[in-house]
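Between the sequences and the hints, there should be enough to build the whole structure, so can you do that?
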Amino acid sequence: MAEISVRKATEADLPALLALYGQPDFNNGRVTSLEVAQATLARMATYPDFAAYCVEVEGEIVGTFSLMVIDNLAHWGMASALVENVVVANGHQGEGIGRAMIQQAFRLAEAKGAYKVALSSNIRSTRAHAFYESLGFEKYGFSFRLEPVPAEPALQPELIDGRAS
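Reading the sequence shown from the start, the letters are residues 1 to 165 in the UniProt record's numbering.
No lab work stands behind these hints, which were simulated from the structure alone.
List time: in silico DSS-like cross-link candidates among lysine-lysine, alpha-carbon distance up to 25 Å:
hint, residue 1, residue 2
1, Lys139, Lys116
2, Lys139, Lys112
3, Lys8, Lys112
4, Lys8, Lys116
With beta-carbon atoms standing in for the labels, derived distance ranges:
hint, residue 1, residue 2, range
5, Leu73, Asp25, 32 to 42 Å
6, Phe142, Pro15, 34 to 44 Å
7, Ser5, Gly136, 18 to 28 Å
8, Gly77, Leu34, 31 to 41 Å
9, Thr46, Gly136, 28 to 38 Å
10, Lys139, Asn27, 19 to 29 Å
Glycine residues also receive a C-beta, built at the ideal position from the N, C-alpha and C atoms.
This is how it looks when you write it as structure tokens:
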């Protein structure tokens with residue numbers, strides 16, 4: 001197998017990342033514009049431990065993932081980590097690239113003291129589920145989503161801070 005390198009993504013990498021995100025089997029091929037991606041990457045850089053990563057083989061970007069290490073008041077104050085947007089180029093799947101990406105995410109999370117690494121996957125992505133389970137992930141709990149985010153808050157302000165008006 002060719003040598004795989006993993007590094008933080010830069011603005012220059014965005015066209016390659018958008019191409020990966022645009023693959024039909026990821027997010028139904030929906031992808032944002034380069035301008036929005038540039039603004040998002042800049043905003044991500046303002047978080048202490050949040051980044052998109054590029055995975056290269058022989059100078060070609062063939063995979064990506066995002067990792068956020070989240071400070072935590074619960075769980076003895078230990079951080080947790082969230083892996084998102086795991087994508088390997090269609091022509092490179094099955095070459096160990098996904099495994100190398102997730103192992104690097106584990107190392108990065110461990111270095112930050114995370115007590116767990118979590119990810120979510122589309123319920124229909126059974127091939128991805130088998131892959132994650134082969135890496136030691138186990139199904140745990142339930143995942144919920146609300147899409148799109150409503151414009152009005154679901155809770156009344158007096159319920160958020162615990163005081164009645």
